[in-house]
Each structure stands twice: as C-alpha cells, then as structure tokens.
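A.B. asks: Using the hints provided, position chain B relative to the given structure of chain A.
Residue numbers (this note's numbering), protein chains in the order written: chain A, 106 to 219; chain B, 7 to 120.
None of these hints come from the bench; they were simulated from the model. Glycine included, each C-beta is placed from N, C-alpha and C at the ideal position. Incorrect hints may have been included.
[What the hints assert, rightly or not] Restricting the straight-line Cα-Cα distance to at most 20 angstroms, the calculated cross-link-like pairs of lysine-lysine (PhoX-like) are: (1) A/Lys162 with B/Lys108; (2) A/Lys183 with A/Lys162; (3) A/Lys147 with B/Lys108; (4) A/Lys183 with A/Lys163; (5) A/Lys164 with A/Lys183; (6) A/Lys183 with A/Lys214; (7) B/Lys63 with B/Lys19; (8) B/Lys108 with A/Lys164; (9) A/Lys174 with A/Lys162; (10) A/Lys147 with A/Lys211; (11) A/Lys163 with B/Lys108; (12) B/Lys108 with A/Lys211; (13) A/Lys147 with A/Lys214.
[Unchecked claim] Residues from chain A that face chain B, not an exhaustive set, calculated with beta carbons under 7 angstroms: (14) Pro149; (15) Val154; (16) Gln206.
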Amino acid sequence: ILNVEQSPQSLHVQEGDSTNFTCSFPSSNFYALHWYRWETAKSPEALFVMTLNGDEKKKGRISATLNTKEGYSYLYIKGSQPEDSATYLCAPKNSGAGSYQLTFGKGTKLSVIP
Amino acid sequence: KAGVTQTPRYLIKTRGQQVTLSCSPISGHRSVSWYQQTPGQGLQFLFEYFSETQRNKGNFPGRFSGRQFSNSRSEMNVSTLELGDSALYLCASSLGQGTVEKLFFGSGTQLSVL
Numbered sequence: 106i107l108n109v110e111q112s113p114q115s116l117h118v119q120e121g122d123s124t125n126f127t128c129s130f131p132s133s134n135f136y137a138l139h140w141y142r143w144e145t146a147k148s149p150e151a152l153f154v155m156t157l158n159g160d161e162k163k164k165g166r167i168s169a170t171l172n173t174k175e176g177y178s179y180l181y182i183k184g185s186q187p188e189d190s191a192t193y194l195c196a197p198k199n200s201g202a203g204s205y206q207l208t209f210g211k212g213t214k215l216s217v218i219p
Numbered sequence: 007k008a009g010v011t012q013t014p015r016y017l018i019k020t021r022g023q024q025v026t027l028s029c030s031p032i033s034g035h036r037s038v039s040w041y042q043q044t045p046g047q048g049l050q051f052l053f054e055y056f057s058e059t060q061r062n063k064g065n066f067p068g069r070f071s072g073r074q075f076s077n078s079r080s081e082m083n084v085s086t087l088e089l090g091d092s093a094l095y096l097c098a099s100s101l102g103q104g105t106v107e108k109l110f111f112g113s114g115t116q117l118s119v120l
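Isolated chain A (complex conformation) (with noise of 0.2 angstroms):
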C-alpha cells in the first residue's frame, strides 16, 4: 500500500487568487499519477494522468506538475473561481503487484469564496 500524503487538507481562498497544493508519494517503483476533482453531490471527474518525471499538463486554469525523482505532484489553480471549489485527490500507481489499482491521498478540499 503506497504512502499517499496531501496538503493541505483545506484551504479557503477568495475568488480571483492563485492557489496550489501538494500530492507526496513514494518515487520508487512509481509509475503515473492521476489527479481527480471531486465536487460534492457529484462523481470523482479525472483531470490528469502524468507518467513522466518534468511532466507539466493544463486544462483551463489547472495545471499540475510531476516529480518523480523526489516523488512530489503540484496542482495549481490560476485565478480561483466559485466553480472550483471540490475536493483534489491525487492518486500514484506504481509498477509493481497492483497495476490496476489506484491508492487516493484523503484530497485537499478547496473553497472559494465569492
């Protein structure tokens, strides 16, 4: 079982800041790592999957960073909206027994405020 650590645990922040949060995992064996947003009432909703140490994706405002050496994930949200506010999990898999599965961290739970 991978040692997934997240932080922070919540944050509150005011419409238009910048904010990011860290996923920490064990960079040996490691071989992708998912992030998910997780609004409430809703269904987990993926948002990236990197595999490769340097690795940088983006989608709208998201954008989320990888190092596998040190074994640290960013994701960073560029002027926050209300509509951002969900909970962040991010979720290593590594390329031993257990290829299939995914081990969560317990999420970083956003709030923005209007």
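C.D. replies: Chain B only, in chain A's frame:
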C-alpha cells in the same frame, strides 16, 4: 454516451445482512474498479475486474466480493454486514487496455448499516 451507472443510490441495511451493489460501465469499457469512501479516509481500492476476471484485490476481508458479467456490468457483494461497512461505494470504468487511463466514476451507492 451514457456515463457509469450505479444502483441503488441509497441503501439501508442492518448488521448481519448482505447487500449487492450494481455498476454498469460506459459502453465499450471492459474494466470496472470498486472503491470505498468512509469519513476521514481516502478512497480505498476494493477490486478491479477486466473481462470477467479479477485482476487486483485490495486489502479487504473476504466478506467483500465481486464479479463481472460478459457485458462488463459488475456487482459487488458484502456479506454479514458490520457497522463499519457504512460508506459510499464508488465504481469506476475504463477501457482497461493500459494502466495510464483515466477512470470514469459513477455517482456511488451510499450504504448505511444500522
């Protein structure tokens, strides 16, 4: 394209009973994974099925079981329910052809054990 469908949406059971949850994946998806979400915990992996075969199993007792049918629909069963089984159960589907695919989640079944 219809999304992942889970039924029922809510269930109330008493200790000792058994329960069956159903998941219909997106058309064409052959992999179905099941996850449990309890308060304060991240999504925890239960098992993954592909073409009617279980490829991975998480660290849950044998009371938790699943199966997949030829049309890729999946069911999970929990026997001898315990209070601690109260949780949101999510299923997710993907094509199952690679381990860097995004997962598509259903809305979940909220199980309450009294």
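A.B. asks: Now tell me, hint by hint, if it's right for this structure.
C.D. replies: Hints, verified against the model:
no. : hint                   : in the structure
1   : A/Lys162 with B/Lys108 : 14 angstroms, holds
2   : A/Lys183 with A/Lys162 : 14 angstroms, holds
3   : A/Lys147 with B/Lys108 : 17 angstroms, holds
4   : A/Lys183 with A/Lys163 : 11 angstroms, holds
5   : A/Lys164 with A/Lys183 : 11 angstroms, holds
6   : A/Lys183 with A/Lys214 : 16 angstroms, holds
7   : B/Lys63 with B/Lys19   : 25 angstroms, violated
8   : B/Lys108 with A/Lys164 : 15 angstroms, holds
9   : A/Lys174 with A/Lys162 : 18 angstroms, holds
10  : A/Lys147 with A/Lys211 : 17 angstroms, holds
11  : A/Lys163 with B/Lys108 : 15 angstroms, holds
12  : B/Lys108 with A/Lys211 : 18 angstroms, holds
13  : A/Lys147 with A/Lys214 : 14 angstroms, holds
14  : Pro149                 : 5 angstroms, holds
15  : Val154                 : 5 angstroms, holds
16  : Gln206                 : 4 angstroms, holds
In this structure, the one hint that does not hold is number 7.
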